[in-house]
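2 protein chains.
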Amino acid sequence: MALLAETCRRMDNTISLIIEELFQHYRDCKEGELADYIPELTNVDPESFGISVFTTDGHCYQVGDSLQEFTIQSISKAFTYGMVLDEHGIEVVEKRIGVEPSGEAFNSISLDPETGRPLNPMINAGAIASTGMVSGEGFDERFGRILEHYSRFAGRDLPVDDSVYRSESTTGFRNRAIANLLRNFEMLDDPVEEAVEVYFKQCSILVSCRDLAVMASCLANGGVNPLTGERVLQSSNIERVLSVMSTCGMYDYSGEWIFTVGLPAKSGVGGGVMGVLPGQLGVAGFSPRLDPKGNSVRGMRVFSELSRRFNLHLFNVPVISDQVIRRIYNLSHVGSRCQRRKVHHDAVREHGAVVAVIELQGDIFFSALERVIRATTERADETEVFVFDLNRVGLFDEATLGLLLSMTKQLVDSGKRLVIVDQGHRVDHERFSGLEGGVRFYKDLDVALEACEDEIIAAHVDRPLVDELVPFHDFDLFRDLTAAELSTIEGMLEMVGLKAGSRVIRQGDKPDEIYLLAKGSVSIFHRVGEDSESKRRISSFGAGVCFGDIAVVDGSRRSADVWAGEAITCYTLSVDNLSRLQQEFPEIHGKVMRNILLLNIDRLRRSNLEVGALKA
Amino acid sequence: MALLAETCRRMDNTISLIIEELFQHYRDCKEGELADYIPELTNVDPESFGISVFTTDGHCYQVGDSLQEFTIQSISKAFTYGMVLDEHGIEVVEKRIGVEPSGEAFNSISLDPETGRPLNPMINAGAIASTGMVSGEGFDERFGRILEHYSRFAGRDLPVDDSVYRSESTTGFRNRAIANLLRNFEMLDDPVEEAVEVYFKQCSILVSCRDLAVMASCLANGGVNPLTGERVLQSSNIERVLSVMSTCGMYDYSGEWIFTVGLPAKSGVGGGVMGVLPGQLGVAGFSPRLDPKGNSVRGMRVFSELSRRFNLHLFNVPVISDQVIRRIYNLSHVGSRCQRRKVHHDAVREHGAVVAVIELQGDIFFSALERVIRATTERADETEVFVFDLNRVGLFDEATLGLLLSMTKQLVDSGKRLVIVDQGHRVDHERFSGLEGGVRFYKDLDVALEACEDEIIAAHVDRPLVDELVPFHDFDLFRDLTAAELSTIEGMLEMVGLKAGSRVIRQGDKPDEIYLLAKGSVSIFHRVGEDSESKRRISSFGAGVCFGDIAVVDGSRRSADVWAGEAITCYTLSVDNLSRLQQEFPEIHGKVMRNILLLNIDRLRRSNLEVGALKA
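Residue numbers (the numbering used here), protein chains in the order written: chain L, 1 to 616; chain F, 1001 to 1616.
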């Protein structure tokens, strides 16, 4: 291969290039007019133009005036509606705000002729009703809570444009009329004037295009801000906010918008447009020149083009659930990283098929869990213990957690046992408390598998696992030695006891001896840097196993640290004694070397099988 | 572990149990009335009740009268609309049928007052306009094409209820009026009567609840029937059909339906309701008693309850793209399964970091590919060759394929090379034809990695890879032997030439010799059954490598077949000569055994590293 430096040039992200290209393309578009119903809105540079895309894993693409601030205006409607859903619940909110599209323009009054209820929260009437439901003592507290709510969506403290607010307040007679009509139908509480004022000020909150993309990405990300990791909206209300954005967000153009662009969206007369591709990303455009319906001209075009170029349509969805099962196997095929005596490994291999391990990944929604339930049911007949590894899982929603509990109960009732590996408490362990005995929790998959293997060995191998010393002549290392040879060896072994927490072998050292673990177990850690304390547990050894032989045989340095997690007892065979053996007892030396070879062939076989199972 | 047979009982699928429970619960609901606008519709058993759920991977849950047939009625509107989109394209169809919700009931006339265009395809006017666009010579051909189209959705030949058809035809004056109005506005071609008749007959096609679930699952599955694997609708039209189902499918109740149930859906007065959870599943309910709006009472309740219990809301979506990258590594960490000489392995390990391997999985939609592009860009500086494994990928849509091409071009322009592993031709290889030299295609990842390794070795190891015989004294097996010892060994080796296509070792045989591959390469296959011909390629060996040593050393049977894919030359060291060595030249035998040990320790190290990399 050629040298890197000679042939390779720095590369830009392909998507950045395309967004940049779109930006350059629409830069020349001068169509539309600035909003002028209040003079303050004409103070903005009509040439301003920004595009931002924010992914649910927190990556931002941005171009142009992405950081320039403008007033949020009608885009606020979606966020305040979500806020009152979180605060009061759907049963209370739906009494005052409907969810049917009005088919009319944004400032239409659109109250239900019988009840006076606004048809939906995306028209001004519904939005004022939402703002009216934000609780707090007086104007400052109510507005303060709204500002704080939006700021949590944006991941930064958002400012307010006071001159726009004052101007809206001075001229907002139509909205005052709507508020009084709402009050007339008891869709708004007293004081009416306070609610309208809070609404005006909410519309004057300043955001940048990047802020809007981040805010949209919170809606795309199930209510968790990808930037801060904070939950900003209850997950059950995400689908409600997105529903009204998709059916009513673009007013009388909503059907067409979903059909062609396919992103639940909201625009404002400040020049911003915000769209959500659920589960994937938030998109925002900013350009202050508006079309006659009050939407940003360049913003709308950028949305259409992004959607077309990247096929971002809401209903262009991946078939998700094939990937929920990362890997499925039983302990006959893939085991823990614990190195054991051959007889123990053989027992696990022979009897391990009754332990099924299912590693899950991604967010667990219904049809993902459906695949898991199906895989579990299919294997139920031949399985005694199911190990579910949730450590790569994003989240369970309430519905799927309930379903998981139902399945767990069923499994326990059918006489199965469950092991749930869940370091991050993705499921509430308390919820499983009725199933004591049937369900165990672990933090680490390897440790869980080791425990399952211990059980298999305890059930199928006569010799007990613990408490007594494994006699030296039981070690595979000394297989086929005669009684006389064994007694020669015995004279060459030392017995060493080490306390819990001792380091047995230090990575990088020259090897002095082979260890035969007579009692207890040790863990192997690989240190990453030279003097670094950062280390990774790579395996463990149980009683009856010899270790440290490889470095002794091939003369390399110790490749890892070995620590005693509990008090251990070892026999050691020193390098010097091994040389003495070679000089004085070549027959014995030959047998020991042959045993080391067989030991490593056996390790190799197991390792190859595992590679095969893992690559399959 | 306890014995399986004693403790474990057969287990039912948890989801089946819950659907069964729902079925039992709503069985007692007697609300609603049979449709009676034509007498034939009252001939059905009012107690009939079925629920079906069909997943995108073809699994069916069904309960009750799931196989009982009834007329499809208005549910047909979604399918004929999709059919004419496929046939004529959106530009033609949108001239005659809009996509805005009417906010009115199903039989409202709802034509645009200016153009006479029906507001959307889910009201009768739009549906008759759709049917009018189905091409064909005369009634029989036009209806026949519709029936065939629906049958491909259902995965079986659907029958027709002729008495319902005749009755609809006899009484359908309102629909005839609509058709003539459409003709008046030139939204329908002559002959008007034929279009209405085809429409009546289309509504009389018989489906079962299971059929509807399968048909819905085609819409959920991107237009491919999960049952037959056949594409039944163009993928670009899926999002269009689902869009109008979601905004207009439930008439003036659509906003509320999406808000609370959250599934694009369609119901018919035959008692059927069909819903789609995109990417996940199709749902259907059947029960003939209708509410005043003409929807199946039990059907609607089952949908609400299924959606609530399983949280099936459209906007309750998983964050999908974290799973697109199944695994990412470079050739320093994980290599091909090819066993090579130590010096070659070392070269790959030392220089392999410039080959980055990215294994993808799932359907590749924008934000999935976005993650891939990001991962690629991040690694561009230190990478010379990118290997993309697409063998676990579902599909690329046109937009993401375009994006992949852009990235590929950029990579090639920056001096990188690409290897695309794509057995199933998920991407059109022709589209990459401008990038000759920069992009290579392989069917098998392992073969692709082997080729990359060959290149690394050719660039970094002096000795050429092919053409000349590796001399026996260069084999690691004879390391550290003196000249005299080597000549002793030479006398014990045989040289064997084998033709391409020969079996070198047969699985299950007793081992007779160790092979030293002097020229060519061999592949290792594991046969699954005893006499079975089904075999799996597990690895390969290159020139300079010895194989067959393990079975000779530990006396086991051959564990796999070894085949020569090309003409090869081997040295062999027989078991007899190995014994002779042990008797007559124990010094040499000791060295050879030690070398076998070192060889296997080295294999074990590599294998363990791979397990670590694969489990990480």
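If you are wondering where the hints come from, they were derived from the structure by calculation, not from laboratory data. There's no promise every hint is true.
Claimed, not checked - FRET-style restraints, in silico, Cβ to Cβ:
(1) L:441 - F:1016: 26 to 36 Å
(2) F:1406 - L:27: 37 to 47 Å
(3) L:206 - F:1030: 57 to 67 Å
(4) L:37 - F:1256: 51 to 61 Å
What the hints assert, rightly or not - Facing chain L, from chain F, some residues (calculated, C-beta under 10 Å):
(5) 1053
(6) 1056
(7) 1225
(8) 1227
(9) 1254
(10) 1323
(11) 1395
(12) 1424
(13) 1425
(14) 1488
(15) 1492
(16) 1495
(17) 1585
(18) 1602
As the list claims (entries may be wrong) - Pulled a few chain L residues facing chain F out of the computed Cβ check, cut under 7 Å:
(19) 25
(20) 48
(21) 255
(22) 278
(23) 359
(24) 362
(25) 610
Quick reminder that beta carbons are idealized off the backbone N, C-alpha and C, glycines included.
| query | Would you say the C-beta atoms of residue 441 of chain L and residue 1016 of chain F sit inside 26 to 36 Å of each other? | reply | holds, 28 Å
| query | Does residue 48 of chain L pass the interface hint, meaning its C-beta sits closer than 7 Å to a C-beta of chain F? | reply | violated, 26 Å
| said: Less than 7 Å between beta-carbons is the criterion; does residue 278 of chain L satisfy it with respect to chain F? | reply: holds, 4 Å
| For the hint on residue 1323 of chain F, does the least C-beta distance to chain L fall short of 10 Å? | holds, 5 Å
| Was the hint right that residue 1395 of chain F lines chain L, CB cutoff 10 Å? | Holds, about 9 Å.
| Closest C-beta approach of residue 1495 of chain F to chain L relative to 10 Å, hint status | violated, 27 Å
| query | Holds or violated: residue 1425 of chain F as interface residue toward chain L, Cβ cutoff 10 Å? | reply | violated, 19 Å
| message | Given residue 359 of chain L as an interface hint, is its Cβ closer than 7 Å to any Cβ of chain F? | response | violated, 10 Å
| Would you say the C-beta atoms of residue 37 of chain L and residue 1256 of chain F sit inside 51 to 61 Å of each other? | violated, 33 Å
| field | residue 25 of chain L as an interface hint toward chain F, with CB separation required under 7 Å | value | violated, 15 Å
| query | Quick one, is the residue 610 of chain L hint okay against chain F at 7 Å, beta carbons? | reply | holds, 5 Å
| message | So, as I understand it, the hint says residue 1227 of chain F touches chain L; can you test that by seeing if any CB pair is closer than 10 Å? | response | Because about 15 Å separates residue 1227 of chain F from the closest Cβ in chain L, which is outside the 10 Å limit, the hint is violated.
Hint compliance for this structure: hints 2, 4, 7, 8, 12, 13, 14, 15, 16, 17, 19, 20, 23 are not met, and every other hint is.
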